[in-house]
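Chain A: place on chain S using the hints.
Quick mapping for you: the protein sequence lines, in order, are chains S and A. Those letters in the first sequence? Residues 368 to 663, per this note's numbering, in order. Those letters in the second sequence? Residues 368 to 663, per this note's numbering, in order.
Source of the hints: derived by calculation from the structure; they are not laboratory data. Be careful, since some hints might not be right.
Repeated chains share a single entry, so a pair holds when one copy, or any two copies, can fit it.
Derived lysine-lysine pairs resembling DSSO-like cross-links, with alpha carbons at most 30 Å apart [to be verified]:
hint, residue 1, residue 2
1, K441, K615
2, K370, K593
3, K645, K585
4, K534, K434
5, K390, K509
6, K441, K370
7, K507, K441
8, K615, K534
9, K514, K585
10, K441, K534
11, K615, K558
12, K558, K441
13, K657, K615
14, K566, K390
15, K593, K645
2 protein chains.
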Amino acid sequence: MEKESIARIFRNIQDHICNALVKADGFGEFVQDRWERPGGGGGISRVMRHGNIIEKGGVNFSEVYGKTPENILKTFGLEDGEFYATGVSIVLHPENPMVPIIHMNIRYFEMSTGTFWFGGGIDLTPHYIDREDAHFFHSKLKAVCDKHHPTYYIEFKHWADDYFHIKHRNETRGIGGIFFDHLGADDEFSKEDRLEFVKDVGLSFAPIYTHFMNKNAKMPYGQRQKEWQMLRRGRYVEFNLVYDRGTKFGLETNGRVESILMSLPSEAGWEYDYTPPKGSAEAQTLASLKKGVNWI
Amino acid sequence: MEKESIARIFRNIQDHICNALVKADGFGEFVQDRWERPGGGGGISRVMRHGNIIEKGGVNFSEVYGKTPENILKTFGLEDGEFYATGVSIVLHPENPMVPIIHMNIRYFEMSTGTFWFGGGIDLTPHYIDREDAHFFHSKLKAVCDKHHPTYYIEFKHWADDYFHIKHRNETRGIGGIFFDHLGADDEFSKEDRLEFVKDVGLSFAPIYTHFMNKNAKMPYGQRQKEWQMLRRGRYVEFNLVYDRGTKFGLETNGRVESILMSLPSEAGWEYDYTPPKGSAEAQTLASLKKGVNWI
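In isolation and in its complexed conformation, chain S is listed as follows (with noise of 0.2 Å):
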């Protein structure tokens, strides 16, 4: 399998995220960025803002080569070579805070060596945490997984929780999902095994996602559910400041800013010591968010 066509699988994932994203928000449209890397590549940002229900969602596609940056050479102890990187980046925010803030990556990457390797991830941030939607996000992916093999869930489950955690808070973003990272070939799987794997993750999230949509959007709130949503987002924007890989990789290294941070909301807030009241649904979120809690 030659990258340019797992690089074209991505692209048709993209379209196909973007287009399932329409049809459900029933009025908001993707406006599209075509952008160059200067040291090689590109990608194609897809933005959706004011949607019915999507307040704001990039759906990032990138192809990027070139010149090993630094930090990547001296973690494989490399003097030089090139790498080849490409993959699908998505965090939507939605405007209704009954409607959970979703995240979904899956890249390939590449060096000239010949060492590749898959990575990925889906995990859903609900302001306010339902147990039956985060039993059916959980068993959506759980149902992934196994399909390709008994333990992928429980081990890129537990990988979720360790990466979605904000560290300083001991909170985690959300209620996690799967997260998997450095999926070479080895005895037990091919190359191919491994891009089937991937694959599904990326046509998984439209019907996860789109469920979310349908069945949360029209759901009442108020002003209290608005604050405790921009609170929501105060932690969410921590996190990919403070935490996230993707996002500090691509500001080390020059990447393109507005791609990169366009997984931030419209607006975020932060309260001082803010502690919602005892018994509130807010103090049950709050109290959920933690690592090793099983949702299925």
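Just chain A now, with coordinates in the frame of chain S:
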């Protein structure tokens, strides 16, 4: 000069500043939190919210000590040792976009080996840059610096340009100010000399900022100015979470999160690929967010 005396001076500066801000605001009051650090020491956080002029502001004092964190030991090539640190930190976010955001910090650090130094700075982030205001701000800082050494201003002004820089956007955070660190004793300066300088920096804060409060808080503004303020605050969040050393150090060493992130505004915004209209006040401000501008 014992460290306890330095801490006492810093505490007095916190009081001095809070009193001046309450008077100038005319409505807002500071709410105080005393907190303890598990490893030793603690602090006094003071927060004003929903003032007449100050939408959200924090004036923090801290005095912490104990076993030196690993990363600091490493920097000094030490195996073991105790540290002591005391300081005052301020960030104020005004309601009116015509009033600038301001930050100040003064700090003293000492190791059980005897090494000590002072650090600190003040920088101003106008949502709209006004040349006269910028001139006033830098002239006042220059006067404080000149009182102590003829090269302080130019040296610390450059340091601020370099420090308060949002690298990924190649934008300065605002119009800079002064920044200095590792000011120890040497042939030229005694510990008392350094302390006197840092004290004068601390005491210059209230007259400088209340000048802007008195002068600008009644200026008219509309929706457009508020939206621009949201975007400028978004940049402020980016700087603080991605680059600010104090914030990073605090989060990494399990500092008190609410005191560290008091610097973040109540609300901030991000808009994909926003470019202000040519020739607008917003575009002029953006064009001036560069290193090396002589504001005097």
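Practice prompt. Determine which of the earlier numbered hints do not hold for this structure and return their numbers in increasing order.
Written response: 2, 7, 9
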